[in-house]
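Peer 1: Now for the letters of each chain:
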Amino acid sequence: MVSLSPKHLPTANLSVDQLEQGHSLWHDAWIRLRKNKLAVVSAVWLIALLLLCGLGPFFAQPYYEQNLNLGAVSPCAAHWFGTDTLGRDLFARLLYGGRISLTVGLVATFVALTIGVTYGAISGYAGGKTDAVMMRFVEIVAAMPFTVFVILLMVWFGRDIYLLFLAIGAIEWLTMARIVRGQIMTVKKMEFIEAARSLGLSNTRIIFRHMIPNILGPIIVYTTLTIPSVMLLEAFLSFLGLGVQPPMSSWGSLIKDGAEKMEEFSWLLIVPGAAFSLTLFSLNFLGDGLRDALDVRASKD
Amino acid sequence: MLRFVFRRFLQTIPVLIVIVTVAFFLVRFMPGGPFDSEKATTPEIRKNLEHYYGYDLPLYRQYFNYVGRALHGDLGISMKYLNRTVNEIVIDKLPVSLELGALSLLIALAIGLPLGVAASLKPNTWVDYLASGFAMTGICLPTFVLGPLLVLVFAIYFGWFNASGWFEPSDRLLPSLTLGLHYAAYIARLTRGGMLDVLNQDYIRTAKAKGASTLRVVLKHALRGGVLPVVSFLGPAIAGILTGSFVIETVFQIPGLGREFVNSVGNRDGSLICGLALLYASFLIFLNLLVDLALAWLNPKLKFE
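Sequence lines, in order, name chains A and B.
Start counting the first sequence at 1; every next residue gets the next number (this note's numbering).
Start counting the second sequence at 1; every next residue gets the next number (this note's numbering).
I should point out that these hints are in silico values taken from the structure, not numbers from a laboratory.
Just so it is clear, CB atoms sit at the ideal spot from N, CA and C, and this is done for glycine as well.
Heads up, a few of these hints could be off.
Listed next, the in silico BS3-like pairs over lysine-lysine satisfying Cα-Cα at most 27 angstroms (straight line) [as the list claims (entries may be wrong)]:
#1 Lys93/B / Lys47/B
#2 Lys37/A / Lys122/B
#3 Lys220/B / Lys208/B
#4 Lys35/A / Lys122/B
#5 Lys220/B / Lys210/B
#6 Lys129/A / Lys188/A
Pulled a few chain B residues facing chain A out of the computed Cβ check, cut under 7 angstroms [to be verified]:
#7 Leu10
#8 Met30
#9 Ile91
#10 Pro95
#11 Val96
#12 Ala155
#13 Ile156
#14 Tyr157
#15 Pro236
#16 Ala239
#17 Leu279
#18 Leu287
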């Protein structure tokens with residue numbers, strides 16, 4: 001039991017001026033997040049990964065450069081993660097693959113975010129019949145088997161992965177729409193919205209300037225959790241040979257190549273598999289950490 | 001109850017209509033048709049082929065013909081496998097996928113439920129941390145990484161199992177474990193959450209005060225409420241296991257329907273793609289219906305909403 005004398009309080013060595021200064025909600029959340037070691041480590045790993053994949057390819061050798069004389073060598077000083085059977089440096093391929101995987105994750109999530117937030121906000125704000133019809137539509141779409149439909153879409157967009165990102169994003173927005181709608185319904189009844197309305201502001205302005213900033217917390221949390229599920233879907237497709245086509249590589253297609261050759265060259269499976277899993281771990285830990293930090297009411301699961 | 005069942009059943013109809021329409025038109029207009037092979041066909045042969053598959057009829061006739069036949073359970077003729085109907089292929093391959101799916105679901109429940117219950121009984125102890133760690137690992141380790149890893153370790157390195165195939169009973173273990181562990185992770189997490197909510201309630205305290213053993217409290221009193229989140233997750237889980245079998249059947253070279261579906265996309269086999277998509281969709285919708293009914297039975301409050 002810690003004694004409760006004033007000098008043990010966290011505010012003990014602050015001056016009166018500092019004590020009087022208010023903390024914004026965001027600042028509080030930041031302090032809570034910083035205490036969560038797993039979330040901080042995850043964030044550091046993700047930033048490092050973004051930098052490596054973003055800038056790395058400028059320094060590493062080209063991912064398509066083959067050295068057939070070399071063949072597959074195990075990890076060594078010249079090739080940190082070894083090379084594949086065509087003598088291509090695995091580290092370089094990993095960085096390029098990461099670029100694709102991360103871009104898919106971010107772009108598709110952004111699409112899902114835009115559609116989901118707009119749709120959910122309109123539905124929640126309008127209420128009544130409009131809301132009922134819009135949510136009925138979400139229910140019907142949600143009852144469809146996504147993966148099967150994404151595979152069907154692959155038949156169309158197989159050659160153009162950028163269209164595929166859009167397609168994945170256009171499918172992932174449903175949960176976001178539901179969450180935003182629920183939040184908007186709560187915020188809608190609060191006084192500051194009434195105040196905004198009495199000032200004669202337009203509906204669009206009320207939704208986007210007054211309501212959405214107030215529900216950013218859950219949106220951010222859910223966005224962090226959408227990225228890994230999108231990346232998983234992309235890797236799933238690439239693993240089945242339906243996603244990113246050679247000579248380009250994503251982590252999914254690297255894992256696929258590795259799985260085919262793992263008997264002799266196990267590092268070809270283990271390195272991309274580890275990179276992918278670690279990234280999924282970090283995104284999930286960061287998402288959980290953000291939820292604990294930002295969304296005080298939400299319970300786990 | 002009957003009204004609830006009926007209403008819930010009616011709701012599936014628009015979903016099915018949308019699915020059959022989207023699937024039909026996506027496949028009918030896909031770039032690179034099934035008759036574009038490397039060998040050039042003469043116009044006459046092409047015309048014959050198109051006539052055989054009914055591609056020369058007006059589009060709306062094709063659509064209504066397809067829907068009409070599908071309603072009678074006839075999914076058409078494969079365009080790649082000579083003289084085989086989609087129905088024959090399904091009858092041939094579906095049992096394998098069903099066996100894999102059922103085993104995986106069994107493993108997921110057998111591992112996930114006890115682990116989640118154990119974690120909820122001793123929250124914030126090593127049991128809980130172990131279960132949560134397992135759950136996080138299972139969620140973040142995709143099946144297409146775990147599967148090859150298990151093969152690498154247990155089939156190639158130790159040589160205990162065959163690396164692929166579907167012949168002996170022991171061939172079933174690695175594939176269903178790969179698929180099952182992933183969902184066991186989710187189930188453990190959901191069971192823990194659901195049980196923690198229930199265990200804090202008054203009627204559990206009453207049961208304990210009456211001297212019921214922990215086992216009795218869990219089995220007779222808490223589990224029915226505690227597994228509600230798990231039951232609602234079963235719908236998505238079964239969907240995931242079905243589509244997850246696409247990967248597992250590819251990794252372990254299992255002759256099931258999932259691999260057939262992936263291959264049919266590569267082959268541009270229109271009737272097979274469309275038929276299997278329809279089959280998967282109706283399967284999922286039916287299972288979701290069952291899950292909703294189970295939920296209504298477990299939690300009477302739901303029926304009145």
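Peer 1: Does the closest beta carbon of chain A sit nearer than 7 angstroms to the beta carbon of Leu10/B?
Peer 2: 13 angstroms, violated
Peer 1: Going by Cβ atoms only, is Leu287/B closer than 7 angstroms to chain A?
Peer 2: Violated: closest Cβ of chain A sits about 11 angstroms from Leu287/B, beyond 7 angstroms.
Peer 1: Holds or violated: Met30/B as interface residue toward chain A, Cβ cutoff 7 angstroms?
Peer 2: Cβ of Met30/B sits 5 angstroms from chain A, so the hint holds.
Peer 1: So, as I understand it, the hint says Pro95/B touches chain A; can you test that by seeing if any CB pair is closer than 7 angstroms?
Peer 2: 20 angstroms, violated
Peer 1: Given Val96/B as an interface hint, is the shortest Cβ-Cβ distance to chain A below 7 angstroms?
Peer 2: 18 angstroms, violated
Peer 1: Would the hint linking Lys220/B and Lys208/B be met if the CA-CA limit is 27 angstroms?
Peer 2: Roughly 12 angstroms separates the two Cα atoms, so the pair holds.
Peer 1: Against chain A, run the beta carbon of Ile91/B and see if the smallest gap drops under 7 angstroms.
Peer 2: Because about 20 angstroms separates Ile91/B from the closest Cβ in chain A, which is outside the 7 angstroms limit, the hint is violated.
Peer 1: Would the pair Lys220/B and Lys210/B pass a check requiring their Cα atoms to be no farther apart than 27 angstroms?
Peer 2: 13 angstroms, holds
Peer 1: Would the stated hint for Tyr157/B survive a check requiring a Cβ distance to chain A of less than 7 angstroms?
Peer 2: 9 angstroms, violated
Peer 1: Quick check on the hint: Pro236/B CB to chain A CB, less than 7 angstroms?
Peer 2: 10 angstroms, violated
Peer 1: Report holds or violated for the interface hint on Ala239/B, using the least CB-CB distance to chain A and a cut-off of 7 angstroms.
Peer 2: Status holds, d = 6 angstroms.
Peer 1: Given a cut of 7 angstroms on the nearest C-beta pair, is the interface hint for Ala155/B held or broken against chain A?
Peer 2: 10 angstroms, violated
Against the hints set out earlier in the document, violations occur for numbers 1, 7, 9, 10, 11, 12, 14, 15, 17, 18.
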